[in-house]
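K.L.:
Listed below, chain by chain, are the residues.
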Amino acid sequence: MRKEYVMGNSAIALGAMTAGISLAAGYPGTPSSEIIETIAKHNNGQIHLEWSVNEKSALEVAAGASYAGARTLVTMKQVGLNVASDPLMSLAYVGVKGGMVIVSADDPGPISSQTEQDTRMFAEFARIPVFDPSSPEEAYLMIQDAFDYSEKYHTPVLFRPTTRVCHAYASIEWEENPQPKEYEGFVKDSKKWVIFPKLSFANHEMIEKRNPKIGDDFSEYEKNTVTGNGSKAIFASGVSYAYAKEYIKDRNDVILCKISTPYPFPEKLTLSVLEKCDEVLCFEELSPYIETQLQRIAGVHHLPVNILGKTTGNGRPSGENSADYAAEIIGKFLGDKPKDKANLSDMPALPVRPPVLCAGCPHRASFYAVKKAMSGRKAYFCGDIGCYTLGNAMPLDMTDTCLCMGAGITVTQGLHWTDDNAVSFAFVGDSTFFASGMTGIVNAVYNEADMILCVLDNSTTAMTGHQPHPGTGRNMMGDIIQKVDIIKILEGIGLKKIITVNPFDLEQAVAAVKECADTKGVKAIIFKAPCIAITKPKGKMEISDKCVNCKKCIKEIGCPAIIIREDKVAIDKTLCTGCGLCAEICPANAIGGEGNE
Amino acid sequence: MNKDIILCGVGGQGTVLASKLIASAAMKDGQTVHSAETIGMAQRGGSVISHVRIGDKAYSPLIPNGSADIILAFEPAEAVRNLAYLKAGGLVIVNSVPVKPVTESLNDTGYDGKEMIEYLKTKCRNVIVVNAEELCREFGSSKFFNVAILGVAVGSGKTGLSPENVLSEIENRVPEKFRELNIRAFLKGEQIGANYDA
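Protein chains in written order, with numbering that gives the first Met the number 0: chain A, 0 to 596; chain B, 0 to 197.
Same shape as in the complex, but just chain A (with noise of 0.2 Å):
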């Protein structure tokens, strides 16, 4: 055995190497991404290993491999979810045969996502089972569990953690290389893997027939909890549970109820705790799933108990909890003295620091040099998702739509049938380009629109931690493969012009943008510089005395790297990597490279 003190996504992935999994694909999303970095990390070549190109070839890839019988690991965060439910939905009709869990995380706030939306819903929707772990310990034991609950019910199975499970630490005891779980190998069969209407249907009566009774099972599972006494019971789930718990520590005057499987809802184990109490306070985030499950349970079995949760007003109804609204609100439930509170109301305004690009990232220059060279014509700027929906912020403010992945190719090309006019850009980052921008591109060829599309190729997935994808050359299991050509693929589309500049040739950069301006139909430029977080600096900027403080480069381009002092312009050396892009637009000629002048 080995311990050691890891994040809950590590714990996760250590879980599912331990209960066998033979192949294990995701695609990368905050909070979501380190669990398949941390196979990497400990697998010694017995297990398959990918970051799909998004997450519904995930998906697909760990059906095949469970109809063989081999079990199988995909992760993703939430709105992913949304990539994979068309497999997803068809294969809980199927079912899978080695056990199969899909970990969805859910980032409740939202603090890095696009929607608040509740795995648990999604499950209950396709009719899956889903386990929700409230801490780094519980996860790493129940994915364990959820792999053997979906080989006995024959269903593919949802692990959703939540952003503070997923990024808490803790210390984890685990075995040291475990093996992957034998499998048959694909039995043909096509009675039971090819879906059929006639299929569905049987599948679909098995399924509603058989939910039940997993909810019954639920009842007995040993990680679903009651504790307490009393005519009061708080239910909550995940890591409100812990928040919950927090507050009550020992007490034992109320029933603490943890719901570790919101569906099928443990309905039996629920029964026996409603059936004593007067009152009861659902504690959850996002969706009051597990209210709206108590409130029909009651009114089944006419039960005289008061349901108190975010329908009822005692629960914010979006944003994440936490341990002091877990105190907030329970303690007005339990009829508890709210604890003196430091008066802080006359706290100084403080300054607001909303997320910005690095110091030299190279979108910067490329979303600068579009700006430049569109100046005076009307333009549209549609964003997408990655690092790059920083171009929103002012003083760039080159962002006007930003919707979901993939979503600004095909924004863009509504807003061109609306206005012909004005020119439609296209942002799409490369490893977005690989997930979902490619169908788009398609469309805008065939359908004959006119736009521009720019490719901020900084050769890795930024946002999420700097993961390969395929135009990198790299993959999860550790080889060099040949790199999938973004230029080739577009060239293949039939894209007439594609231009491929450095962002940091502001010139040429400016001259490219107006080129593809003044032409007609689908054109493409490839902004090509990699990202600096992954690049050595090439140096530090240095502002000479011809400086006359008109502070173009703060009001034009908003590097953090450029700052006041004293009243005067200068340089945060800490931050500037030599990037240049300032020097390039100052009009004093101020601005050069540490040393030149």
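Treat the hints with care, since some could be wrong.
[Claimed, not checked] Dumping the calculated EDC-like pairs for lysine to aspartate or glutamate here, alpha-carbon to alpha-carbon at most 16 Å:
1) A:K550 with B:E103
2) A:K2 with B:D28
3) A:K231 with A:E274
4) A:K567 with B:E133
5) B:K56 with A:D249
6) A:K550 with B:D28
7) B:K27 with A:E3
8) A:K248 with B:D55
9) A:K567 with B:E103
10) A:K554 with B:E103
11) B:K122 with A:D345
12) A:K495 with A:E506
13) A:K495 with A:D478
14) B:K86 with A:D339
15) A:K2 with A:D147
16) A:K551 with B:D107
17) A:K567 with B:D107
18) A:K554 with B:D107
19) B:K113 with A:E565
20) A:K551 with B:D28
21) A:K212 with A:E172
22) A:K2 with A:E172
23) A:K496 with A:D517
24) A:K496 with A:D566
25) A:K572 with B:E170
26) B:K142 with A:D517
27) A:K180 with A:D216
28) A:K572 with B:E133
29) B:K19 with A:E565
30) B:K120 with A:D345
31) A:K370 with A:D399
Everything labelled a hint here was simulated from the structure, so no lab data went into it.
With chain A held as given, fit chain B onto it using these hints.
P.N.:
Just chain B now, with coordinates in the frame of chain A:
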């Protein structure tokens, strides 16, 4: 022994390494440790916070308000932003050098951190103010401040951590190239902390 420690600052200042060093040093002493980090978009120049909880009476990964024994603030406004976590009589160790957000350079409100330090002093009895630029000048970069401020905390005796354990974790976790400078930064911070009489 239960200790709740908040580390806060701005993305890129190295709070995550400092929190890992605290956690692993406490584990060396046989303590149960839990922590939680800010990871993701906020790391790009946003406010970041680490919660480190030492002891077996911690259920939540996040420290409740009014419970932190120590706040290690890498930036003055971030100390104020997170002050509600501090328990009565808790210790604040704060860097007086501000990190000005880009928005501040665009619309200058004159934020220089001084007002924050004054506010901290009116609200808390125990405040250690350190100037990261001065402290780290001899090391050539403020990047070593994360280990230096950890030294201040350990030197103050309020963390319950032994300097030996932290030093051995620095040796384990820091790449060889920067090890020597990190050790010197830690020892210098420890001296400052030891001279503080709460």
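K.L.:
Now tell me if each hint is right for this structure.
P.N.:
Results for each hint:
1. A:K550 with B:E103: At roughly 13 Å apart (the allowed maximum being 16 Å), E103 of chain B and K550 of chain A satisfy the hint.
2. A:K2 with B:D28: Holds, at roughly 14 Å.
3. A:K231 with A:E274: holds (11 Å)
4. A:K567 with B:E133: violated (21 Å)
5. B:K56 with A:D249: At roughly 10 Å apart (the allowed maximum being 16 Å), D249 of chain A and K56 of chain B satisfy the hint.
6. A:K550 with B:D28: violated (53 Å)
7. B:K27 with A:E3: Holds, because 12 Å separates the two Cα atoms, which is no more than 16 Å.
8. A:K248 with B:D55: Roughly 12 Å separates the two Cα atoms, so the pair holds.
9. A:K567 with B:E103: holds (14 Å)
10. A:K554 with B:E103: With a Cα-Cα distance of about 11 Å, the restraint between K554 of chain A and E103 of chain B holds, given a limit of 16 Å.
11. B:K122 with A:D345: Holds, because 10 Å separates the two Cα atoms, which is no more than 16 Å.
12. A:K495 with A:E506: violated (23 Å)
13. A:K495 with A:D478: Distance ~33 Å between K495 of chain A and D478 of chain A Cα, so the pair is violated.
14. B:K86 with A:D339: holds (11 Å)
15. A:K2 with A:D147: violated (24 Å)
16. A:K551 with B:D107: holds (15 Å)
17. A:K567 with B:D107: holds (12 Å)
18. A:K554 with B:D107: holds (12 Å)
19. B:K113 with A:E565: holds (14 Å)
20. A:K551 with B:D28: This hinted pair is violated, its Cα atoms lying about 54 Å apart.
21. A:K212 with A:E172: violated (33 Å)
22. A:K2 with A:E172: holds (4 Å)
23. A:K496 with A:D517: OK: K496 of chain A and D517 of chain A at ~11 Å, within 16 Å.
24. A:K496 with A:D566: Between K496 of chain A and D566 of chain A the Cα gap is close to 46 Å, so the pair fails against 16 Å, i.e. violated.
25. A:K572 with B:E170: violated (27 Å)
26. B:K142 with A:D517: violated (47 Å)
27. A:K180 with A:D216: Violated: K180 of chain A and D216 of chain A sit about 24 Å apart, past 16 Å.
28. A:K572 with B:E133: holds (15 Å)
29. B:K19 with A:E565: Since the Cα atoms of K19 of chain B and E565 of chain A sit roughly 36 Å apart, the hinted pair is violated (cutoff 16 Å).
30. B:K120 with A:D345: Holds. K120 of chain B to D345 of chain A sits at ~13 Å (cutoff 16 Å).
31. A:K370 with A:D399: Holds, because 12 Å separates the two Cα atoms, which is no more than 16 Å.
The structure does not agree with the numbered hints 4, 6, 12, 13, 15, 20, 21, 24, 25, 26, 27 and 29 stated previously, though it agrees with the rest.
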